[in-house]
Amino acid sequence: MNKFSLGLFFCLISQFTIAQEEPITLSDSFVNISFTEFVHKVEQSIPVRFYYNPGEIENLKINVSGTNIEIRNILDKVFSHTNYLYYIDTNMNIIIYKGEKITELPDYKENYGITKDITPQNKQELTSIEKKYLESKKIADLELIEVGNQQNSFPNKTCFLRGKIIDQSTGELLIGATVYLKELGQGAVSDLDGYFNLAVKKGTYLVEVNCMSMKEKKFYLKIFSNGNISIPLEKKLMKLKEVTVTANKLDNVKGLQMGYERLSVKNIKEIPVVLGEKDLLKVAQMLPGVQSAGEGSSGIYVRGGTADQNLVYINKVPIYNTSHLFGFFTAFNSDIVSNFELYKSNIPAKYGGRVSSIFEISTRKGNKKKFFGKGGISPITGHLAIEGPVKKDKTSFVLSYRGSYSDWLLSKMKDENLKNSNTSFYDLSGSINSTINKNNILKVFLYNSNDQFSLSKTDDYSYYNRGSSVCLKHFFSQSLHADIATIFSQYGFGHNNKNNPSEAYSQKYKLDHYELKTDFTLLTSKNHQLSFGGNSIFYKLNRGTIKPYNDESIRLPIEIGVEKGIETAAYISDEFTLLPKLTILAGLRYSYFALLGPATVYQYFPDSPINANNIRDSLAFKNNEIIKNYSGFEPRLALNYRLGTNNSIKASYNRLRQYIFMLSNTIAMSPTDQWKLSDLYLKPPILDQLSIGYYHDFPKQGIITSFEAYKKWGKNIVEYRDGIDFISDIPAEMLLLQGKQKVYGVEVLIKKNTGNLTGWISYTYSKSTIQVQSSLPTEQINYGKPYPSNYDKPHSINFVSNIRSNRRLSFSINVVYSTGRPITYPVATYYHEGQEILHFSERNKYRIPDYFRVDCSINLEGNLRKKKWLHSYWMLNIYNLTGRKNAYSVYFESTEGNLQGYKLSIFAQPIITLSWNFKFGNYASE
Amino acid sequence: MPANNMNAAKPELTSNKKSMPWFLIKNLFIIKYIIFLSLIFTNCIEKYEPQHNDFNDLLVISGSIIKGDSIQTVTISRSTPYNNSSHDPIGNCEVWAINEFEQEFHFEESKTGVYKIKIPEQFLNFNSQFKLRVNTPDGNEYESSYEPILESSPVDIVYYEEESFHSSSVDYPNGLQFYLDLKAPSGFSRKYRWKLEETWEYHTHKIYGEISPVDTTFFYPPKDSISKCWRTIPVVGLYSSSTENLSLNEKKKIPLNYVPKSSIQLNYGYSLLVKQYALSDVAYEYWNRHQFFINESGGLYDKQPSQSKSNIYNINNSDEIILGLFWAASFTQKRVFFKGPLGNIIINQYCELDTLNKKSNISGVNYFGLLGFKEIGDSRIPIYGTAPKKCFDCQLQGGTNIKPIFWED
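Quick note, the sequences are listed as chains A and B, same order.
Going by the numbering used here, the letters in the first sequence line up with residues 1 to 926, in that order.
Going by the numbering used here, the letters in the second sequence line up with residues 1001 to 1409, in that order.
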């Protein structure tokens, strides 16, 4: 027994004395309410603070009433038939615990203000219960951070707190970190720049800050008035091995987001991929509700939507073609990607323009303290990214390059056609992030990706994305800030078709996108999180010219046409807590689109099919004259009702409108698919989505689960007529039809984020049908009956796991299953002049065989000595471990007049790749 | 030496690979996009039949009025299941062709489901129009749209190039790819279809045995007239093209059929007759669409197959789906000749003599025989040899021993 414990003894005695001398009383009635509500009420009426384990005690129902009852009497009643005990200290902190009554009290060290830091000074003195209690509370040695000016402090005043969360080793701002105020059950998530805002009453709060791959940080925050805070986080000791989807376990249940997925590039590092290339969008395809058309296809299909219904942003730059090499790779170097968010439903009001989903990719902000580089080589590509400070702690840069070097493989081929073929792609990007001063942050981003591919003497393809964004974040005050961005994006492709010398042509296509975007975020005293703003886009599409390829070609030149349009939108949304357990996000977006001249547009006879025979007249529009405009409201609403600490129900509704779409008559997105604007005849697709979900976390096991069901109704969905071709000057309205889409489905996701085994399993059931009906038989598809959309895959199961065997070695396994995609098969044959001819079924009536694949990978880190200039790791990937011959396509070919069906499989055997990745400079950077 | 001969002439059989590098498929559009992967990975093409038992039992009417053909034919049948294709003719129909002056030409059923007529030449004029009317025994009435007889321009050039050929089922390293250049005056149709007919000379199989040298004068029955034959067959396949997108009504290098080097067709001469038909829009749409479906559909970057609509409809029920086509055309023709062989003579069957010592032992029904000498030491002993008839009579392989008039020696 030392002097501390002796001192403590007296201290405790005195506490009891004080408590007994000044009994605190309460007049209220509590009828059949939960313990949490009870605590909430009591804490509001008398100056006490409860400490308890919410998960355990939640089921306790409270039925107490009376006038001027002493708190002890209430608590005695409350716990009379339970095995809970309580303890009240001098500062009126009420601690609820379970088990044996503490008779001999442990050592305490009084620390700060009203809060108690309970630090055992002599462990031998503690009983097992005390140890358990202390461990579970983990409130030892917590730091207290004071914010604001004590002089300006008024009681009950709402204070605005602006904070940033940084990686303490690199100075980099952390995206998606959660800040949670335990007592209020309220929190915030850091935005794409690493900032968050909170409005809280003056007081002291226990704050928990979490971020993927960072150590959790807890501290007491004492807030007097408005102020700023910078929260540095430490890296976790074990390096970034977990495969997690969302940043934080709190998000799943407490956040309002639904149909939302987040990935960090750190998370995907070890997921096996084909050809050894880390690839965010490929991993995204393993999330529930996200599908691809097949290996080697670039489109992503979200909840039954088409590929052109997704908007992919990288640092606010929209990317119109997200693939390299026709979909085998994603057009972003994952070395620079820091965060990836996908909205499948409950799409925030600040987003619009595509009806299915929003992919938001953010790149690294750059190390502001030290230079750092990383890169790697795989059989196909080499990649490198360098970052570092331009001005220490103020300005940083990130540069990246990735390029392919595959031609050496082609030159080794025997086949003449292949020897004469070549392919290459690269992407490069550069960004500068600068904290100009306390209230202004400037970000500049440049991006370029390029693909070219030529096959022997028959075809050359090339396509590119170029983009830039300049974003300024300005803080007007702790409660109001704005993000202002100017954005430019360009997509183009070229194609030389040399199959026939007389017909050989070259085609060029270009889309320019200019955008101005402003988003304001305002936090009000009632803790309303208001967002408002708008954007304006100017589109210029040169749908291309078809020109004779050379002198031998007599192809008629065709101008497919130029289109100009403006899309502009304004929105407002508010997130607020209506009831203690009910949070609401209500938003409204209004969008307007106008197609601008010059143009010549045909008019058709009314009630007759739109074709060349029914042209009545043509209208000529002058430059910048409005040809047609569309506009409408896009309401968004989301509710979160928290059933308990670890579970919640959410519901959301949203409407989206889309004014630009892709002309495609193929199953997968092809590099010659053209984007087109809505016009006089082609109305913008509009989609309504209703979704509900149940979310449950199991914090002890580190498991989070979600169950979501959704239904979507789309109209003006663009479908192509049978057998049409887009390389012609036939107006698009003669080639396309518009119909209704119905999608419904459920998604179940179970994730484990902690421990040596991490990963997720997801199951999706979805049904997506399209119906193109008209009173005119020629203006419908499939006789006006509904048919499955091209990307309808009802059942889909994904399993992603990572097992860490030690700090240097880990294994990953993926299992992917989905129903085969729809296909149109022959249902009858006949012979015509000796040739067997096929009669096909209605559109998409059948399915190709189901898809199944197992991949695995082994990661071996180099030794982890800290003072090494270069750290590297090897990754051995086996894609399609079972060698299953998954059908890529099924087609028919005639031999001697008789038809035979064939199944084509790509990756029909296990693909083994070894890649080597390295980091140099500051190893702590990731 | 007989033994040497045998080795040298080991039959070079046509190989039908079950799977092949997928990127070698000619005409398969996806090749152009993702060929790259094939360099590193095995891809695989397998025969695959869609697993379903659905069957649309539909009426099929196909027929044509061709200026230049003496007999016009219409066939009427029902469709058959995809995985069990056959021919299901429908007899006892009434079939008429009706021209724009409402003159009716009644077809006669020549065999079940096949209806023929000889329309006098004076009714088959350029730009005259015909439609088809069919009454089926179940009381339904069908009619087609009017189809014009368009004038076909002369065939410009037909030629061949030595090339390799790859498809899902075959992989030929070398052979002849025939091409056609189209050159039509601007007033002519821009849409064409070609029907091909091939003729080749072939000889009886080379006979091997211990009897040597084989003296043809000892053949029984005499060999002279039946050792050399010519066979003519239509080339099955659809060939169509148009000059719609071109500034002139001309097009070079339109691919026709392919004859592999490994085929016996190129041994002693090969002649290809190309008939060029000028098509209406309706007929071109039909032939070109089906040409696409049987050659190159199915890739992710291909247009998807879809139902094709016939120009024949049920008068009383517009919802009934009719398969087939009624078309009208005129044709011009041109012949191209290849004097073989392309490389070595290809032998696809091995004939070996059995030796007999009595002539009467030769069965005259299935076997023919010959007399030769067997060399034993320095002496030659006369001996009879016998082998299957087809080793002696080329007519048994489908051809005729009458030399075609167009044949170039």
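Calculated directly from the structure, the hints in this document are not laboratory data.
We treat Cβ as the ideally placed atom computed from N, Cα and C, and that holds for glycine.
Treat the hints with care, since some could be wrong.
Unchecked claim - Capping the alpha-carbon separation at 30 Å, the derived lysine-lysine pairs in DSSO-like fashion look like this:
#	chain 1	residue 1	chain 2	residue 2
1	A	K785	B	K1253
2	A	K457	A	K581
3	A	K498	B	K1390
4	B	K1261	B	K1275
5	B	K1047	B	K1118
6	A	K457	B	K1253
7	A	K498	B	K1303
8	B	K1303	A	K683
9	A	K217	A	K457
10	B	K1261	A	K498
11	B	K1390	A	K457
12	B	K1303	A	K547
13	A	K740	B	K1309
14	A	K540	B	K1339
15	B	K1183	A	K547
16	A	K845	B	K1261
17	A	K581	A	K217
18	B	K1195	B	K1339
19	A	K457	B	K1228
20	A	K526	A	K164
21	B	K1047	B	K1228
What the hints assert, rightly or not - Stretch by stretch, here's where chain B covers chain A in the computed footprint (C-beta under 8 Å, at least three residues):
#	segment
22	204-210
23	336-349
24	369-379
25	716-728
26	826-840
Legend entry - Hinted pair K740 (chain A) and K1309 (chain B), Cα distance within 30 Å: 24 Å, holds
Legend entry - Proposed proximity, K1390 (chain B) with K498 (chain A) (alpha carbon, max 30 Å): 47 Å, violated
Inset, instruction - Please work out if K526 (chain A) and K164 (chain A) have their alpha carbons no farther apart than 30 Å. - result: 22 Å, holds
Inset, instruction - Take a quick look at whether K217 (chain A) and K457 (chain A) sit within 30 Å of each other, Cα to Cα. - result: 62 Å, violated
Inset, instruction - Apply the coverage criterion to the segment 336-349 of chain A and chain B: a residue qualifies when its Cβ sits closer than 8 Å to a Cβ of the chain, and three qualifying residues are needed. - result: Coverage by chain B is violated for the segment 336-349 of chain A (0 residues, Cβ < 8 Å).
Legend entry - Verdict on chain B covering the segment 369-379 of chain A, criterion of 3 CB contacts below 8 Å: It is violated: at least three residues are needed, and the segment 369-379 of chain A offers just 1 whose Cβ sits closer than 8 Å to chain B.
Inset, instruction - Quickly compare the C-alpha distance for K845 (chain A) and K1261 (chain B) to 30 Å and report which way the hint goes. - result: Status violated; Cα separation ~42 Å.
Inset, instruction - With a cut-off of 30 Å on the C-alpha distance, tell me whether K581 (chain A) and K217 (chain A) pass. - result: 25 Å, holds
Legend entry - 30 Å limit on alpha-carbon distance, applied to hinted pair K457 (chain A) and K1228 (chain B): With Cα atoms ~42 Å apart, K457 (chain A) and K1228 (chain B) exceed 30 Å; violated.
Legend entry - 30 Å Cα cutoff - pair K1390 (chain B), K457 (chain A): Not satisfied, since the Cα-Cα distance of roughly 46 Å exceeds 30 Å.
Legend entry - Agreement of K1261 (chain B) and K1275 (chain B) with the hint, judged by alpha carbon distance not exceeding 30 Å: 24 Å, holds
Legend entry - Straight-line alpha-carbon gap K540 (chain A) to K1339 (chain B), limit 30 Å: Violated, because 59 Å separates the two Cα atoms, which is more than 30 Å.
Comparing the model with each earlier hint shows violations of hints 1, 2, 3, 5, 9, 11, 14, 16, 19, 21, 22, 23, 24; every other hint is respected.
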